[in-house]
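Following the hints, position chain S with the ligands against chain B.
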Amino acid sequence: MGGVLVSRASPAAYGRIALGLVLLVAVLVWFLPSYYTGLLTQIGLYALVTIGLNLFMGYAGQVSLGQAAFVGIGAYTSAALAVKGHVTPWVGLIAGALVAALVAYILSFIALRLRENLLALATLALGIVINVVFNEWEFIGGSSGFKDIPGFALGTFTFDQRAYAILAWALVAIGIWFAGNVVRSSFGRALVAISAGELGAQTLGVDSERLKRQTFVLSAVYAGVAGAVYASSFSYIDPSSFSFLLSVNFVLMSVIGGIRSMWGAVIGAAVVVALGQVLQNVVPVVLPSARGDFQSFFLGVILIAMLILLPRGITSRLREARA
Amino acid sequence: MSAMSIPLTTTLEVRGVTVRFGGVIAVDDVTFTARTAEVLGVMGPNGAGKTTLFNVISGVQRPTSGEVSLGGTRLTGRGVEDVAALGVTRTFQTPVMFWGLTVRESVEVALAAREFGGTYPPAPWRELVRCGLGTPGRRRENAVLRERADAILTAAGIVAMAGRATESLAFGEERLLEMARALAVSPTVLLLDEPLSGLNPDEIEAVLASIRAARSSGVAVLLVEHAVGELLAVADRVVVLDHGRKIAEGSPQAVADDPLVIDAYIGDDASTGSA
Ligand SMILES: Nc1ncnc2c1ncn2[C@@H]1O[C@H](COP(=O)(O)OP(=O)(O)OP(=O)(O)O)[C@@H](O)[C@H]1O
Ligand SMILES: [Mg+2]
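Order-wise, the sequence lines are chains B and S.
Residue 1 is where the first sequence starts when you use the numbering used here, and the numbers rise one by one after that.
Residue 1 is where the second sequence starts when you use the numbering used here, and the numbers rise one by one after that.
Next up, chain B with everything else stripped away, as it sits in the complex (with noise of 0.2 Å):
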């Protein structure tokens, strides 16, 4: 059982698969028509996110339906500084994951007084808060956001559609082998700990809301970055792109990977955006007269279907039909 639901494989490992992955991907954009490339940075980005969320909901147990809006925080700080003050994306990029941190670090001291439950509410009241400002604050835009957002660049080469697929993969790489190591660490065992048996962990010592809002806050760092990234590879970004729909989404991929999985993260991730893809293809010749919503809908059927045949993951089944 534990060995289904913690992976105990060596960071070395890790790293090394982390690695392979990059260079897979290095290799893939040459082949892939550019349309392709640009799923495989969406998928990379989402994957980031998702493993930030994995470490909050997988270890610290508990549910956040925020996350686009840290997602958001990112790419408009990162945006903002490109546009405004023609900072470069490499700064707006830590800039994004700092000002995301910190959000994340005040909410963490109402929300995670909160019971669990209640968390998932203050996650998500921020999402919508988080979203009435993007709307609102015309200095970011308001509601039609930033456009012709400044690329990332490396001395005279502007990052194309292949350098941002790679920048991406290798920001997962980074954030596999980081999130690795901190599951296999003291931290990550208090993790567990916790949310197997928080009275217990806590009588022995271990601060419960710490390591909580610790966590919370590093899984932003994750959507934060994400967030600048993306904001530079679409070059255009507005409100809507970081909906409460956002966040169910990394919800669901966090869920379909199996939680507890850093590699679930990337199955989760290209799952969930591959379904939407064949369904933007497959329902208008199956169902002519269906509008797009239809195509949401059939998403949701999917994905509904899949958490109660794989209600731990598609991990955790990989994994068992191995053991």
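Nothing false has been slipped in among the hints.
Beta-carbon label-pair distances, calculated as ranges:
| # | chain 1 | residue 1 | chain 2 | residue 2 | range |
| --- | --- | --- | --- | --- | --- |
| 1 | B | Leu309 | S | Glu205 | 47 to 55 Å |
| 2 | S | Phe171 | B | Tyr36 | 50 to 58 Å |
| 3 | B | Pro284 | S | Thr94 | 54 to 62 Å |
Hints in this document: simulated from the structure, not taken from any laboratory.
Where a beta carbon is used, it is the ideal one built from N, C-alpha and C, also for glycine.
Showing chain S with the ligands alone in chain B's frame:
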């Protein structure tokens, strides 16, 4: 660290503690002290308030009135982890396991808290960053924690199950692990809530040996136990609760002969469910 700064002559003082749940008075104006290097038995029929009393001492339950202090430091009003950091830890009537961890890792959780001055993680974010980066320094510390965990498991006689998943443990093994985990924080005061119930004779011997070892290393052990024979045999002093009140306190022999105590137990048997 903070626990070590408390002198060895320290005592746990429970003063006028009362706990009300609506109309029920679970603990009623209870006062007593526990000294270092002694086993204080806490007896009483079902529902007498023993677990509630432990909850108050360990910071799980705020008393309606009264207070608990350790060596002059007030414990009442602090969070559970802060009480633990000051040297008070406990086990539970139903063992609490950390499913997802192995036996050894469970002990390492306790050791990590101890290592960082009582609570884990420490306030600076450095620890999270070091864990995430897997710095060589942090990895050395991990190796040390692992060795110390094995030493604790050896002392508890359960090192053979070090690598097992906690989900696979039998009830008695869970009790032994919970006890080892509690001892890993080097407590000043150890609260044991029915540590013998559900154990086979070998396991009972192992737990009693751990209790005696803890006592001789200076721990104040508070022992709630329904197995009256074992309790009277291992305890240095005994406090008896009935309906939340302290009805007797003294040597095991004196308490066993106390008519009030005999009454409480017989009365409870005769009127099961009416209390
Ligand atoms: N959280 C609670 N809410 C309401 N009543 C409670 C609560 N906890 C305990 N009680 C009541 O307080 C009284 C004392 O309970 P407690 O669990 O402390 O007894 P105990 O001596 O540990 O009993 P046992 O030997 O059965 O474990 C009981 O009447 C119980 O029903
Ligand atoms: Mg009890």
